[in-house]
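A.B. asks: Sequence:
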Amino acid sequence: MKDDIQIEEEANVKNIVDIAATIGLGPEDIDQYGKYIAKVPLEVLSRFDGNKSGKLIMVTAVTPTPAGEGKTVTTIGLIQGLSRIGKKVVGALREPSVGPTFGVKGGATGGGYSQVYPMWDIDLHFTGDIHAVSSAHNLLSAILENNLVRDNPLRIDPSKIVLKKAMDMNCRELRDIIVGLGGGRLSGGVTHEGGFLITSASEISAILALATGYRDLRERIERMVVAYTYTGEMVTVKDLGCAGAMMILLKDAIKPNLVQTLEGQPVFVHGFPFANIAHGNNSVIATKYAMKLGDYAVTEAGFAADLGGEKFLDIVCRQAGISPDCVVIVASVRALMTHGGADLEKPETLTKEALTKGLSNLDKHIENVKSYGVPVVVSINHFSFDDPEHMQMLRDHCKELGAECVQSDAFMEGGKGAEELARKVVEVLEKGKKDFRLLYEDNIPLKKKIETIATKIYGADGVTYTDQANKTLKNLEEKGYGSLPICVAKTQYSLSDVAELKGAPKGWKLSVREVTVSAGAGFVVPICGTMMLMPGLSKVPAAMKMDLTDDGKVRGLK
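FYI, the numbering for the sequence shown is 24 to 581, going by this note's numbering.
For the record, the hints were derived by calculation from the structure and aren't laboratory data. Just so it is clear, the structure is predicted and the values come from calculations on it, not from any experiment. Worth double-checking, as some hints may not be accurate.
[To be verified] Straight-line alpha carbon distances no greater than 25 Å define the calculated SDA-like cross-link-like pairs of lysine to any residue that follow:
#1 Lys369 - Lys380
#2 Lys471 - Leu452
#3 Lys562 - Gly126
#4 Lys581 - Ile200
#5 Lys375 - Ala522
#6 Lys393 - Gly344
[To be verified] Between beta-carbon pairs, the in silico distance windows are:
#7 Lys471 - Asp570: 48 to 56 Å
#8 Pro89 - Ala44: 37 to 45 Å
#9 Arg460 - Lys75: 18 to 26 Å
#10 Lys471 - Glu423: 15 to 23 Å
#11 Glu537 - Lys471: 17 to 25 Å
#12 Asp239 - Arg460: 19 to 27 Å
#13 Pro89 - Thr379: 18 to 26 Å
#14 Ser210 - Ser394: 52 to 60 Å
#15 Cys194 - Asp570: 18 to 26 Å
#16 Asp54 - Ser394: 39 to 47 Å
#17 Asp54 - Thr379: 26 to 34 Å
#18 Gly396 - Arg70: 37 to 45 Å
#19 Leu424 - Asn175: 53 to 61 Å
Don't be surprised by glycine CBs; every beta carbon is placed ideally from N, CA and C.
Construct the entire structure; sequences and hints are all you get.
C.D. replies: Below, the structure written as structure tokens:
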């Protein structure tokens, strides 16, 4: 089979003007970025506010493994499949981050015959949204540091600055640094501990993805807590007075980006918060208008159902006033075998017994999603090397659980290979009714919210807190943040906070080592286990396999 880039290069794609026309937008309604990408201004989208909202389908997955689950492939395949069976559908996906693209992933635009186009732009600089957030974040940091130098009128304690600097690259060496070593106060700044986080972990990334418009964006930015004073009072962006300058940098980034699948369906690719650190979903604006412009809207939640899935249901839905009409959980045979103890490097371990044991991970995710009162469809991402007996085992198991289950060949066949999935989703939507309910209420204590997620979603026996975490939670409730939802930062590789624990671990407790507040985004973040806000590169980064040919073509993305 041809590689992903080759498939994209040979694709018969349309001009973005023609794609926009399929959802009622004229050439004058879009800001074009070349032939195949456009931004859609918010004032244009507002014309469709009176439209009836289409059905919302959220795609999530089992816990990630090196075997690959194919969540983005399935999402794009489902969009194409729905179109093939005559449905008007619009997609909504997150933007890839350059750091992971050059680190491990090598790209994040789908694969095979289920991709969004053009991958070489979307995977890299795209329309500059992530650069805009990096600039706004670092402008804020610079204003804060300048305040310290210029007589510190806000009485900021340099040892209690919680805002780090940001860049869109995996650089472990920048996690913890000392700033202000350049000599005197005016020439080098005030010396204090600092650090970097990856831009997708910036609160501004989360704010951009949750904001509903320019005014909401400004108000959220102003609420950001960046430091504490010598007397323990919070210092916000509003106190620093630089929200207006940050808004200028973000004025275009808030507009959703319009692209297409390989089969010509419109997709908004907009927003980029990580699901293991932030809330892990594309922008509310993209999802809202995918629903307004299509009879069916398909969105993808980051990582597994315990991370991006739970956060979509408990944070995005809570804030945006939406809820999915159906959830698709993506699994693959080998991914579940890995959860059952199989080693991909040892083919003899890829057994029926390993699959049977690994089903516990899928079972937990199905149980979790059903607890929100939403219909579930399991999509088995089919690989050419899968044993038909194993595929049937998975189908039979889902049937025993009362979960709809279908096979997807979206990678190898595009929309045609996802028709079975598309028809099943439509069938579920037409015959089933959701009874959506949140996992927890706003008015319970922060600790109770954390413990509810830990025990009900992750399967923990309870939660342990460091003294600092306890102190911060108490302080946040005293300052009026107790009604905010929870956004847990933890490893994506396990239902637990220990990456090595596969399947559905039992007999463990969630370990909360520190807590922060994202007041602008509107959630409290317990940081668990050994979770880092700045990734590092692997031993052989994906970047080492990338290149640009003499005729200007990108190679090595996937």
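A.B. asks: Next step is simple, just say for each hint if it's right about the structure.
C.D. replies: Structure-based check of all given hints:
In summary, the hint linking Lys369 to Lys380 is supported, as the alpha carbons are separated by about 17 Å, within the 25 Å threshold. For the suggested pair Lys471 and Leu452, the alpha carbons sit about 33 Å apart, so the restraint of at most 25 Å is broken. Note on Lys562 and Gly126: the hinted pairing holds, with a Cα-Cα distance of about 9 Å set against a maximum of 25 Å. Using a Cα cut-off of 25 Å, the hinted pair Lys581 and Ile200 is violated, with the two alpha carbons roughly 33 Å apart.
A C-alpha spacing of about 24 Å is found between Lys375 and Ala522, which places the hinted pair at or below 25 Å, so the restraint holds. The suggested pairing of Lys393 with Gly344 holds, with an alpha-carbon distance near 19 Å, which does not exceed 25 Å. Roughly 52 Å separates the CB atoms of Lys471 and Asp570, a value that falls within the hinted 48 to 56 Å. Between Pro89 and Ala44 the C-beta distance comes to about 42 Å, which sits within the given range of 37 to 45 Å.
Evaluation of the 18 to 26 Å hint for Arg460 and Lys75 yields a pass: the beta carbon distance comes to about 23 Å. For Lys471 and Glu423, the Cβ-Cβ distance of about 34 Å falls outside the hinted range of 15 to 23 Å, so the restraint is violated. Between Glu537 and Lys471 the C-beta distance comes to about 19 Å, which sits within the given range of 17 to 25 Å. Hint check: Asp239 to Arg460, Cβ distance near 26 Å, so the stated range 19 to 27 Å holds.
Against the hinted window of 18 to 26 Å, the Cβ-Cβ separation of Pro89 and Thr379 comes to about 20 Å, which satisfies the hint. For the pair Ser210 and Ser394, the supplied restraint of 52 to 60 Å holds, since their beta-carbon distance comes to about 58 Å. Distance hint check: the CB atoms of Cys194 and Asp570 are about 22 Å apart, consistent with the given range 18 to 26 Å. Distance hint check: the CB atoms of Asp54 and Ser394 are about 42 Å apart, consistent with the given range 39 to 47 Å.
Between Asp54 and Thr379 the CB atoms are about 53 Å apart, so this pair departs from the stated range of 26 to 34 Å. Checked against the given bound of 37 to 45 Å, the beta carbons of Gly396 and Arg70, roughly 33 Å apart, lie outside it. The beta-carbon spacing between Leu424 and Asn175, approximately 60 Å, falls within the hinted interval of 53 to 61 Å.
Of the numbered hints stated above, those contradicted by the structure are hints 2, 4, 10, 17, 18, listed in ascending order.
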